[in-house]
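Peer 1: First to last, the sequence lines map onto chains R and X. By our numbering, the letter at position 195 of the first sequence is numbered 195, and the numbering carries on one by one without gaps. By our numbering, the letter at position 200 of the second sequence is numbered 200, and the numbering carries on one by one without gaps.
Calculated directly from the structure, the hints in this document are not laboratory data. Hints should not be assumed to be uniformly reliable.
Derived contacts from chain R toward chain X, CB cut-off under 7 Å, selection only [as the list claims (entries may be wrong)]:
1. 48
2. 52
3. 56
4. 181
5. 182
6. 184
7. 185
8. 187
Think of the CB as a built atom: it goes at the ideal place given N, C-alpha and C, for glycine as much as any other residue.
2 protein chains.
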Amino acid sequence: MSESAERDARHKARMQRKKALIDEKIAQAQDEYGLLLVHSGNGKGKSSSAFGMVARALGHGIKVGVVQFIKGAASTGEETFFRRFPEEVSYHVMGEGFTWETQDRQRDIAKAQEAWAVARRLLGDESVGLVVLDELNIALKHGYLELDAVLADIEARPLLQHVVVTGRGALPGMIEAADTVTEMSLVKHAFKSGVKAQKGIEF
Amino acid sequence: MSESAERDARHKARMQRKKALIDEKIAQAQDEYGLLLVHSGNGKGKSSSAFGMVARALGHGIKVGVVQFIKGAASTGEETFFRRFPEEVSYHVMGEGFTWETQDRQRDIAKAQEAWAVARRLLGDESVGLVVLDELNIALKHGYLELDAVLADIEARPLLQHVVVTGRGALPGMIEAADTVTEMSLVKHAFKSGVKAQKGIEF
Numbered sequence: 001m002s003e004s005a006e007r008d009a010r011h012k013a014r015m016q017r018k019k020a021l022i023d024e025k026i027a028q029a030q031d032e033y034g035l036l037l038v039h040s041g042n043g044k045g046k047s048s049s050a051f052g053m054v055a056r057a058l059g060h061g062i063k064v065g066v067v068q069f070i071k072g073a074a075s076t077g078e079e080t081f082f083r084r085f086p087e088e089v090s091y092h093v094m095g096e097g098f099t100w101e102t103q104d105r106q107r108d109i110a111k112a113q114e115a116w117a118v119a120r121r122l123l124g125d126e127s128v129g130l131v132v133l134d135e136l137n138i139a140l141k142h143g144y145l146e147l148d149a150v151l152a153d154i155e156a157r158p159l160l161q162h163v164v165v166t167g168r169g170a171l172p173g174m175i176e177a178a179d180t181v182t183e184m185s186l187v188k189h190a191f192k193s194g195v196k197a198q199k200g201i202e203f
Numbered sequence: 001m002s003e004s005a006e007r008d009a010r011h012k013a014r015m016q017r018k019k020a021l022i023d024e025k026i027a028q029a030q031d032e033y034g035l036l037l038v039h040s041g042n043g044k045g046k047s048s049s050a051f052g053m054v055a056r057a058l059g060h061g062i063k064v065g066v067v068q069f070i071k072g073a074a075s076t077g078e079e080t081f082f083r084r085f086p087e088e089v090s091y092h093v094m095g096e097g098f099t100w101e102t103q104d105r106q107r108d109i110a111k112a113q114e115a116w117a118v119a120r121r122l123l124g125d126e127s128v129g130l131v132v133l134d135e136l137n138i139a140l141k142h143g144y145l146e147l148d149a150v151l152a153d154i155e156a157r158p159l160l161q162h163v164v165v166t167g168r169g170a171l172p173g174m175i176e177a178a179d180t181v182t183e184m185s186l187v188k189h190a191f192k193s194g195v196k197a198q199k200g201i202e203f
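Okay, chain R solo, but in the shape it has when bound (with noise of 0.2 Å):
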């Protein structure tokens, strides 16, 4: 082979890999699967935000299931919004009554388990798109559920389910599993200058 022959012989080798691996890209790209989100932070818009998904979903006829680990954290003005739609979403408010680190925590695992269940429900049913796991993050910093076993289920639902995990404090592993994570930041609170919590923005 002449050295031209030889060098426009490696040239195409090279083109053909290079065409293998940006096919395989778009290969990749184009796979459709199920995300794992994470919206974690002190500012606000961690749940809104989630809620938000939840109100894009169901406008592309989406199911989506909702399970609210802290009561009173989220919005009851969501609630009672999407609590209008019981076909579409299946809302679930656990988590009332936790002791904290305070008083009895055997009683505040059980009933982060209670609700865990709830949860294993909603990720185990293929006709639910979309499940928001409002401030998991807290009841996993507090230890009250395993983020190990929490994993698992998360990685073992169906394939195209979404899952919105919500909460302060996000676990290093769950940062790891996740497949996009949002830091919401305050930059400016009204609170700070003297605003009252006013309905319909902060609960």
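Put chain X on the given structure of chain R with help from the hints.
Peer 2: Here is chain X on its own, set in the frame of chain R:
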């Protein structure tokens, strides 16, 4: 007056001033008025968080107005869903066919001003408790609208009306005017690891 009586009188006066100050602070904190919230940053959740607030407001029986300054920037899912409630949500998608910097700037400015006319009408309507100005920051950043005129109209809104402005690159004057500013930052994104945009999540 004896030295001790004088001291008592001084103490009493000081305590009265202190009480007046505290009362005033409590009164201030009780003030309920419409907030201006800004969602900015490069992360996800700026618009979906605003739409979560729409759900929250609707749950409280509050009427909502939405103006999307950039067609296609927000989810069609949210639009489809909230258009189910025409009595409760006044939904406007504007900004179709922006040419951005590239082509016909005068036409883009005219389109943005058309959108602002709709926003202005909502900002003048006492029956609307929450106005979402989705991607307004982008129109301002491109200079399609005058910040001062926009802020003047926002300032002049009904006392109890809340406004949410979304979009990356919020101008300093917008941040200055806001009661609450949340920065959504991207920590990790599935796209970067080769997952395509997904219905119900990204749009």
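Peer 1: Taking the numbered hints from earlier one at a time, note which ones the structure violates and give those numbers from smallest to largest.
Peer 2: As far as the earlier hints go, not one is violated by this structure.
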